[in-house]
Amino acid sequence: MSFVRNAWYVAGWSRDFGEPLKALEITGQRLVMFREVSGAVKALEDRCPHRLLPLSKGKRIGDTIQCGYHGMTFDGAGKCVRVPGQENTPKSAYVEAFPVEERHGIVWVWMGDPELADPADIFDLPEFTQPGWHAHHGEGLHIKSNYLNVAENLVDPAHVSFVHPTTLGNAASENVPVHVSTSGEVISAWRWIRDAPPIGFFQKFGGFDGHVDRWHYYDLHLPSTAVIDFGSIDTKLNCPENERDRGVRIFALHFVTPVREDYTIDHWMHLRNTSLGDEDASAQMDAMFKTAFAEDKEILEAVHDAEQQPQRRRPIRVAIDKGPTVYRKRIRDLIASETTQDLGAPIGASFIQHD
Amino acid sequence: MSFVRNAWYVAGWSRDFGEPLKALEITGQRLVMFREVSGAVKALEDRCPHRLLPLSKGKRIGDTIQCGYHGMTFDGAGKCVRVPGQENTPKSAYVEAFPVEERHGIVWVWMGDPELADPADIFDLPEFTQPGWHAHHGEGLHIKSNYLNVAENLVDPAHVSFVHPTTLGNAASENVPVHVSTSGEVISAWRWIRDAPPIGFFQKFGGFDGHVDRWHYYDLHLPSTAVIDFGSIDTKLNCPENERDRGVRIFALHFVTPVREDYTIDHWMHLRNTSLGDEDASAQMDAMFKTAFAEDKEILEAVHDAEQQPQRRRPIRVAIDKGPTVYRKRIRDLIASETTQDLGAPIGASFIQHD
Amino acid sequence: MSFVRNAWYVAGWSRDFGEPLKALEITGQRLVMFREVSGAVKALEDRCPHRLLPLSKGKRIGDTIQCGYHGMTFDGAGKCVRVPGQENTPKSAYVEAFPVEERHGIVWVWMGDPELADPADIFDLPEFTQPGWHAHHGEGLHIKSNYLNVAENLVDPAHVSFVHPTTLGNAASENVPVHVSTSGEVISAWRWIRDAPPIGFFQKFGGFDGHVDRWHYYDLHLPSTAVIDFGSIDTKLNCPENERDRGVRIFALHFVTPVREDYTIDHWMHLRNTSLGDEDASAQMDAMFKTAFAEDKEILEAVHDAEQQPQRRRPIRVAIDKGPTVYRKRIRDLIASETTQDLGAPIGASFIQHD
Chain A
23 MSFVRNAWYV AGWSRDFGEP LKALEITGQR LVMFREVSGA VKALEDRCPH
73 RLLPLSKGKR IGDTIQCGYH GMTFDGAGKC VRVPGQENTP KSAYVEAFPV
123 EERHGIVWVW MGDPELADPA DIFDLPEFTQ PGWHAHHGEG LHIKSNYLNV
173 AENLVDPAHV SFVHPTTLGN AASENVPVHV STSGEVISAW RWIRDAPPIG
223 FFQKFGGFDG HVDRWHYYDL HLPSTAVIDF GSIDTKLNCP ENERDRGVRI
273 FALHFVTPVR EDYTIDHWMH LRNTSLGDED ASAQMDAMFK TAFAEDKEIL
323 EAVHDAEQQP QRRRPIRVAI DKGPTVYRKR IRDLIASETT QDLGAPIGAS
373 FIQHD
Chain B
23 MSFVRNAWYV AGWSRDFGEP LKALEITGQR LVMFREVSGA VKALEDRCPH
73 RLLPLSKGKR IGDTIQCGYH GMTFDGAGKC VRVPGQENTP KSAYVEAFPV
123 EERHGIVWVW MGDPELADPA DIFDLPEFTQ PGWHAHHGEG LHIKSNYLNV
173 AENLVDPAHV SFVHPTTLGN AASENVPVHV STSGEVISAW RWIRDAPPIG
223 FFQKFGGFDG HVDRWHYYDL HLPSTAVIDF GSIDTKLNCP ENERDRGVRI
273 FALHFVTPVR EDYTIDHWMH LRNTSLGDED ASAQMDAMFK TAFAEDKEIL
323 EAVHDAEQQP QRRRPIRVAI DKGPTVYRKR IRDLIASETT QDLGAPIGAS
373 FIQHD
Chain C
23 MSFVRNAWYV AGWSRDFGEP LKALEITGQR LVMFREVSGA VKALEDRCPH
73 RLLPLSKGKR IGDTIQCGYH GMTFDGAGKC VRVPGQENTP KSAYVEAFPV
123 EERHGIVWVW MGDPELADPA DIFDLPEFTQ PGWHAHHGEG LHIKSNYLNV
173 AENLVDPAHV SFVHPTTLGN AASENVPVHV STSGEVISAW RWIRDAPPIG
223 FFQKFGGFDG HVDRWHYYDL HLPSTAVIDF GSIDTKLNCP ENERDRGVRI
273 FALHFVTPVR EDYTIDHWMH LRNTSLGDED ASAQMDAMFK TAFAEDKEIL
323 EAVHDAEQQP QRRRPIRVAI DKGPTVYRKR IRDLIASETT QDLGAPIGAS
373 FIQHD
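Protein chains in written order, with the numbering used here: chain A, 23 to 377; chain B, 23 to 377; chain C, 23 to 377.
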């Protein structure tokens, strides 16, 4: 077992779920999802217990799903409500149901023991609901790579100068030291580049022309939610590290969902305190992010492919690996604890501030 | 081993076999087939015993096949008649030959012990040669699913309302009880829908406008030949069950040939007592059948794919599964008997009447 | 292990290697190759020891490769010269380097123990540098088949009449006896067809109209370099076997490079003593060779595919298999000796004359 199961994972945005049956897969579990007439989103095992046809190939009848092969019918709780050809419904005629929560336009599914599902554990940021902030939901980036490769990349500032030299980084920042903190619940890496010309992104969306102080904070919340807090502020304002809201600030959020061992979807979105309500600005940012994410995707898929080759030597670890190394160890420990005890500890409600 | 070997399987229609070498595969055995100058169809192991090149990549020289690599040459009995570069032909230079029979435009191959091959065991129907009946050979439907899924679907009236709501069934018949008989050599399921409007098919080809009695009989002959006898007759004629020839009657025949574990060809054709000699009617029926078979194919491939997933719970069985369940058990028993004894019992000559 | 490792294999022609990083694979080892500013071609393991990204996805910085993920940088000897984010470079930060030699426009890589690499062992022919000879480098034929199938085909005159009836052979030569010599270091097969009309090739490039004597010599040098010496001479000149230079003579060279167990590249070229400097003639010969090689490719891929099937009987061996059989045994012995001793014997410098 290579996934943390007792955790909330992102299945998609609210706009992705409606009347039609939607098939997807999380941690190797195939799901059928749909929105009930009441508005609630449901997630069921996508496998009729009779002849195994995916229920997503069936038909909605009100708030139930009728299997497309013999018409066995299930409600949103996974209970069988009809077996054509007989009066009774056998006890074994059910499908598993997975807890679903929806907030801020994001749909989360709990893939582990339903008894342990606590909506209070779902990742949150106060900026989702604060005035002066604009949330923009992006897309799902499909990556043929293990989710740990994808997630560790998000707490790894060292790759930015080499993978994204023209978008998110530049050679100038190659040698600016990175701080790493692994003592708290969230693994963090950050750096400030002080008194430098603004990068293209902040020329465009910050309107800066003189020198700025620029920050990048990478926070990785277990099992696989990343928050990249980055921004710029006029150097002359001499901004302290904990007053970043005074500058142009963006939270780039990555909800990394393991589909299978070799397939991952990174649902990405952002929160920003600039260009509020300006959907042109959102589209321009999306375009820039998508260029950068395509660069990551190429690297992460090549790394995954290389990992499938026979290995004659162990990979080496270097100084910049501190965040990723601690991250992988924590995931291993979580998986081990779920395997040895049957009661895995729920993954923490994770909201920290660096300020 | 998951196939019944001592059985006649359909390789194709007579029109599919001629001068050219034809490669095909039945029960995991690759075959090369061709029609000799005399008219007889031959089936040989499609593997030169020398360097394994498929003989189907070679060349016909009269009634022999010359291998396309080094010219080793075999006759229709699999005997080596030439080894270029030497005078003698070694004893081990042969390919297996498989008994072939051709009748009513259908080519059958015996995949088991040739000693046990008895042409009298080949499936037959008296209507093939009776006046007043028209035979129309359809096509081979290729399905990426195990043959047991395909065959059991053909003794499973319960799926019709859900998989074929607009072609072969309709919601009205969902609750009409099905009779099942599993005591004889043939597994049968059937039902009559009395005093109802004709379905589209019989409006078109029966010319009915008032109410009709409609029947469906599903007979599955081991290992995998299905006869679906369906028809309609004016309700006012009050037709007894055993006088179906008085109505408009069709035998839809399905010869289910296992190619490999995960690949099956369903050769389908029909016999009818209406629109004799009318090839326009044949084409219209084909079009309708093909719509319905595409619906089956989608379901059967999705079921096969789901069967390859790890299974945490056993599938459940319900009342409508009686025919399929007995069918699978009989196949398992046949395979087991072929495996334990070396002399498998030949599969029965199978012709029964429900009347 | 199914490859001879202590051997020089052809990676490509000189023209294939320059400034860009080139990814390729030999004996299952992924390589990145490039030409240094000095002109020397280098071959390194194509795997960064840090996060395994292929170095071929990185960037050349002078004569070094900077990894495309975190910027770790290696020189042409595989030594790490930079780890961004730290001062020191750990001992384990290196990639394997493979000896490379380049001569006559051909780039060779030694895939085994570098201590044993001796450029004197590289295949050579005096005609490469003799006046009166023209060398023409062809292409790399990609074949989805094991390299032993490809190589044995090149010491197998018996297939020519059946695989290449219209290009390299004809039915007339089917029964001309073949001489085989397996006693020396090189496995050889040859035959002369005396006093016969010229085949199309020599009508075109030899200008013959009367009868000719035609020869074919197939020499296979271990592990997998084949020389096919073929030509024609006016029958009236009564040419002895060892004076073939008096006729129109071609050396067709095949450098068979095992990529993986199931994938091989045959780099082919020729040397000729006719149409010197005539690139039109080269292009016409290429076109003819490519037709013939496509015929081989189809056979060799079908054989490989057939070898992956379950085999119920062992393949048989016949008289014409003498060369291929000895070849396979020698390869097995070489691989066994590399496996049991750690010091494999280097593969011989191989140049023999049949004259």
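Certain hints may be false.
For chains that are exact copies, the list does not tell them apart, and a pair is met inside one copy or across any two.
[Unchecked claim] Here are the simulated DSS-like cross-link-like pairs (lysine-lysine), alpha carbons at most 30 angstroms apart as the crow flies:
| no. | residue 1 | residue 2 |
| --- | --- | --- |
| 1 | K113 | K258 |
| 2 | K81 | K319 |
| 3 | K351 | K113 |
| 4 | K44 | K113 |
| 5 | K319 | K44 |
| 6 | K113 | K312 |
| 7 | K166 | K226 |
| 8 | K44 | K312 |
| 9 | K44 | K226 |
| 10 | K166 | K319 |
Hints are computed from structural coordinates only; laboratory data are not their basis. As the structure is a prediction and not an experimental result, all values here were calculated from the model.
Here's how the hints hold up against the structure:
1. K113 <-> K258: neither (71 angstroms within a copy, 45 angstroms between copies)
2. K81 <-> K319: Between copies only: 18 angstroms across, 35 angstroms inside.
3. K351 <-> K113: between (41 angstroms within a copy, 24 angstroms between copies)
4. K44 <-> K113: Result: close within a single copy only, 26 angstroms intra versus 51 angstroms inter.
5. K319 <-> K44: Classified as both; 25 angstroms inside a copy, 21 angstroms across copies.
6. K113 <-> K312: neither (48 angstroms within a copy, 38 angstroms between copies)
7. K166 <-> K226: neither (32 angstroms within a copy, 51 angstroms between copies)
8. K44 <-> K312: both (25 angstroms within a copy, 27 angstroms between copies)
9. K44 <-> K226: neither (38 angstroms within a copy, 37 angstroms between copies)
10. K166 <-> K319: Classified as both; 8 angstroms inside a copy, 29 angstroms across copies.
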